[in-house]
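Peer 1: So the chains spell out like this:
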Amino acid sequence: MTPAYFEYQNAVKILCGQNALDRIPDELRQWGASRPMVLTDAVLMKLGLAELVVDLIRAEGCPPASIFTDIPVDSSLGVVNRVAAVFREHNCDSIIAVGGGSVIDSAKGVRLVLSQETDDILSLSGVENISAGRHVPFIVVPTTAGTGSECTGVAVIRNEAQGVKMEFLSPFVEPDAAVLDARMTLKLPARATASTGIDALCHAIEAASCLQKNPLSDAHATAAISLIFQNLLHVVQHPSDSAARLQMALAATLAGIAFSNSMVGGVHAIGHALGGVCHVPHADVMAILLPHVMHFNLPRARDSYASLLPHMIGMDAASSVPEEERAQAMVNAVSHLTEHLHRLAGLHLRLSDLGVKEEDMERVAETALNDGALIVNPVALDRERVLDLLHRAY
Amino acid sequence: MKRILQKLIVAAALRLVHAALVELCKLDPYVHAQFCSLPNGTSYSIYTGHGAPVLHVRWDGQKLLRLKEVRERATCELHLKSLADSFLMFTGQIGLAQGYARHAFSMQGEIADVMRLARLVNRAEAYLFPSFLSRRILPELPSLPVPSLRLYGHLIFGFLTRSYS
Numbered sequence: 011m012t013p014a015y016f017e018y019q020n021a022v023k024i025l026c027g028q029n030a031l032d033r034i035p036d037e038l039r040q041w042g043a044s045r046p047m048v049l050t051d052a053v054l055m056k057l058g059l060a061e062l063v064v065d066l067i068r069a070e071g072c073p074p075a076s077i078f079t080d081i082p083v084d085s086s087l088g089v090v091n092r093v094a095a096v097f098r099e100h101n102c103d104s105i106i107a108v109g110g111g112s113v114i115d116s117a118k119g120v121r122l123v124l125s126q127e128t129d130d131i132l133s134l135s136g137v138e139n140i141s142a143g144r145h146v147p148f149i150v151v152p153t154t155a156g157t158g159s160e161c162t163g164v165a166v167i168r169n170e171a172q173g174v175k176m177e178f179l180s181p182f183v184e185p186d187a188a189v190l191d192a193r194m195t196l197k198l199p200a201r202a203t204a205s206t207g208i209d210a211l212c213h214a215i216e217a218a219s220c221l222q223k224n225p226l227s228d229a230h231a232t233a234a235i236s237l238i239f240q241n242l243l244h245v246v247q248h249p250s251d252s253a254a255r256l257q258m259a260l261a262a263t264l265a266g267i268a269f270s271n272s273m274v275g276g277v278h279a280i281g282h283a284l285g286g287v288c289h290v291p292h293a294d295v296m297a298i299l300l301p302h303v304m305h306f307n308l309p310r311a312r313d314s315y316a317s318l319l320p321h322m323i324g325m326d327a328a329s330s331v332p333e334e335e336r337a338q339a340m341v342n343a344v345s346h347l348t349e350h351l352h353r354l355a356g357l358h359l360r361l362s363d364l365g366v367k368e369e370d371m372e373r374v375a376e377t378a379l380n381d382g383a384l385i386v387n388p389v390a391l392d393r394e395r396v397l398d399l400l401h402r403a404y
Numbered sequence: 533m534k535r536i537l538q539k540l541i542v543a544a545a546l547r548l549v550h551a552a553l554v555e556l557c558k559l560d561p562y563v564h565a566q567f568c569s570l571p572n573g574t575s576y577s578i579y580t581g582h583g584a585p586v587l588h589v590r591w592d593g594q595k596l597l598r599l600k601e602v603r604e605r606a607t608c609e610l611h612l613k614s615l616a617d618s619f620l621m622f623t624g625q626i627g628l629a630q631g632y633a634r635h636a637f638s639m640q641g642e643i644a645d646v647m648r649l650a651r652l653v654n655r656a657e658a659y660l661f662p663s664f665l666s667r668r669i670l671p672e673l674p675s676l677p678v679p680s681l682r683l684y685g686h687l688i689f690g691f692l693t694r695s696y697s
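Read top to bottom, the protein sequences are chains A and B.
Numbering-wise, the first sequence is residues 11 to 404 according to our numbering.
Numbering-wise, the second sequence is residues 533 to 697 according to our numbering.
Next comes chain B alone, as it looks inside the complex (with noise of 0.2 Å):
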């Protein structure tokens, strides 16, 4: 029962990490400049444990788009090594640096391309959780250019129109 509400509650934090980067890419410049120094094309894949949810995601040049499947590997696989693992990184009672420091994930591609999606993933962890659990996960917390009520607005309209899908 524990592993299962683990994986209802893993798979809704990666649709709303996906999600903030979708709306962010269009708030937020800093974010937006991330998105645009990438490759076009340039795909990550995160697995959160043996059976447990998977985001695909793939920067097409405009939009971070979420994919159902994938048939080729993606740029950067990142593989957390148990569901337990997982649980503690989308609820934010770690960040990523200290998952890192766990050896909580491996990795396949190279690291600078998980360099960039950490950096990304920070900034929407800053919008997400409130400023006590940021400043505890986070290294350091950023300013943010916009508020995150914004942020959440964003994500409940995109959320009712399907735009995540």
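Okay, chain A solo, but in the shape it has when bound (with noise of 0.2 Å):
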């Protein structure tokens, strides 16, 4: 059913296929830009990722001005700013993050501190609260199909000082352009793609059912989970299949493009908690919490998940299905997706195996609780209801 009222926005152009990195000089150019700083972190660095970009834009009369490889998995407040300062000493005019969720993010951080010529991010707290600001061209090349980071509105960035994960919501986070390159992702290790590739089945399922779910982000996390289930294990199974990495991509963003038109819920709320509290990786927390959190949601979000079962095992296998039976058996073909995951590439399954100590529980929970993406999860959650998902999760 269609919202008495509902917003849409996606201004990210998308390059998308063969060579796509090839094209970062000729956006920066549209821009006028010539002097990009590039964010990404040690790993990519090391793995070759970010030189291929450097070396691809220096090859196009375009060398960065600045390289910054020092983007932690768990970024932070203070990491933004100084990225900032950095931008700014070294006279840049545009940014190219090159990494997954943390990078991107931190990136749309910096973004934000210099559009809004600030120098504190702290101050630009808040959901729609920021008006344009100066224009700093902003280019996203991510290293996993999971994150969808590079076509949102949001950025998650975790408070050091509190230790939570603040969320920024504003249509000025949005990069202008997002590179989906499968060369990106072909090193991405098993266990990494089975999570990342869950997390971004988790944006759109969440986007699908939650209360601000509208036609539009309805379109594209429909397809973003039919991409998810016909090349996710295939990929896990095939790393070097570049057709099925570029499909996976291409899922990731279309539910970061669904997600941010209509929020998340009860799985990004928690798992925000737990990455602000426990400082685990944002996708393995997906995989873990999703199936639970889709079981507690089940009564309230039943027609909708009843409706994703053709996109996730076809038309003629859902039509089979008793039409009272099929939110179940969508709750059910998750599950199996991540057991076999588990068995595939050893995807974790529990809390306790990323190390959550149960005395971090109630912390959790309480922080959970003022997480806003819980705001529109289908049913309410409290404090001893997120408190039985931690403990049926562990």
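Simulated from the structure, these hints should not be mistaken for laboratory data.
The model shown is predicted, which means the values in this text are computed figures rather than measured ones.
Please note: incorrect hints may appear among the correct ones.
[Said to hold, decoys possible] Simulated DEER-style distance windows between Cβ atoms:
(1) A:Pro199 x B:Pro677: 48 to 56 Å
(2) A:Pro332 x B:Ile536: 49 to 57 Å
(3) B:Leu673 x A:Asp370: 30 to 38 Å
[Stated by the list, open to error] Stretch by stretch, here's where chain A covers chain B in the computed footprint (C-beta under 8 Å, at least three residues):
(4) 581-590
(5) 629-642
C-beta atoms are modelled at their ideal positions from N, C-alpha and C, and glycine is treated no differently.
Assembly of the complex is requested from the two constituent chains, each provided in isolation within its own frame, with the hints serving as guidance.
Peer 2: The following block contains the structure:
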């Protein structure tokens, strides 16, 4: 059903497919930029992925004015402010983020600080509270197929002082361009391929079942779900299949566009809290929590879940399932997928596998209650229910 | 004329929400606990549209004070994007979650502070609105330890004795 009112925005240009990376210098030129700052992390430098991008833009006559490789796995407000200062010191005029969620969200934060001409990202926290500001050309090259952050209007950055992950929501957080090139995900290990793929699936499922869902976000979410179910297991088993890698990258982007326009829900609220309190990887947590939260949401999300089943198992197979059993069948399909990925690639299925401590659960539950994603979860979540879900996933 | 009427209703609703929260802080242990978890001096400003009523409140550790004017930015500012949105929200036609889903407000400050306020306002709405209305706008009806009539009694007494100024 179409909601009484909804909004949709996606202003990100998507460069997708063969040699997409080679188009970056031309994109920068179109924005009048010639001194990009490349943001990445040490692992990607070591793997040669960031170098690949740097070499390409250098060869096309657009050498980086600065390369920042110290973005940590769990980036923070302090890192964002520091990188913005480096950008100014080197007189850069644009940003190229090469990495996964942490690098991309840090780069979004840096872009916000620069465009709003401030020194502290914390002064910008809020929802749709900032104006366009100065335009700083911003290109994102995702190196995982999961986060979808290359196409979203939200940056999630850790507030180290408070031990929470903060969300910065604004259409001006969206990058100008996202570059999807299979070369960037070919070296992704099997387990990371699996967990980031489930992260993308989680984005799509929460986008299509939360209270803010709308027909346009649904269209992107269902396309993402189909691609993930068609390609994720295959790509884990055949990691060098470029075509399947690209399909997964596209799925992650589609899921990103979906949830950027309809929000997420309980999985992300609890996942952000676990990340903030216990410093566990986001994608791993999503993979663990997703089946549990879906099972919990089932009574209120029955119609949404049932409508997603054909996108997972195909129209013919879905129509053979009695209508009243489709929602449960959909939840089962997700559980089977995560279990299959556990066997194939060692995907974690329990929070205890990630080193989460039981004594942290209370703090995680309290933190989750203050996460913005909770407001649109189809079922109300209070402290006791969050704790129950955490124990079930433990 | 319609806009003037909407402004009057929204102004009355803002006063009622504030008064209800003041009373519930005394009557409902959940609301009391929520307020006690706020740092002293936490302040909220709710703007309901251009030239429309504004509510400034501050938690002083004991009571939620309504402020006539503010000299500095509140800890958390909610800006409803139009009077029409405010009218829908403050007359119980849409809840906070629907308001959020409709992008009906922008927010300055930490999202955690909005979530704290949302829990309190949802609770107040569960008391103030008849259950058929609350059921439509709240994700779930909470079990309330105090009957709504008792809250209304306190509110009438409070307004008569000008306790919420």
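Peer 1: Apply the coverage criterion to the stretch 629-642 of chain B and chain A: a residue qualifies when its Cβ sits closer than 8 Å to a Cβ of the chain, and three qualifying residues are needed.
Peer 2: Contact hint for the stretch 629-642 of chain B vs chain A: holds, 12 residues under 8 Å.
Peer 1: Kindly confirm whether 48 to 56 Å is satisfied by the beta carbon distance between proline 199 (chain A) and proline 677 (chain B).
Peer 2: With a Cβ separation near 52 Å, proline 199 (chain A) and proline 677 (chain B) satisfy 48 to 56 Å, so the hint holds.
Peer 1: Would you say the C-beta atoms of proline 332 (chain A) and isoleucine 536 (chain B) sit inside 49 to 57 Å of each other?
Peer 2: Holds - the Cβ-Cβ distance for proline 332 (chain A) and isoleucine 536 (chain B), about 56 Å, lies within 49 to 57 Å.
Peer 1: How about the stretch 581-590 of chain B: do at least three of its residues have a C-beta closer than 8 Å to a C-beta of chain A?
Peer 2: Check failed, 0 qualifying residues.
Peer 1: With respect to the beta-carbon atoms only, verify the hint that leucine 673 (chain B) and aspartate 370 (chain A) lie 30 to 38 Å apart.
Peer 2: holds (31 Å)
The earlier numbered hint that this structure contradicts is number 4, and it is the only one.
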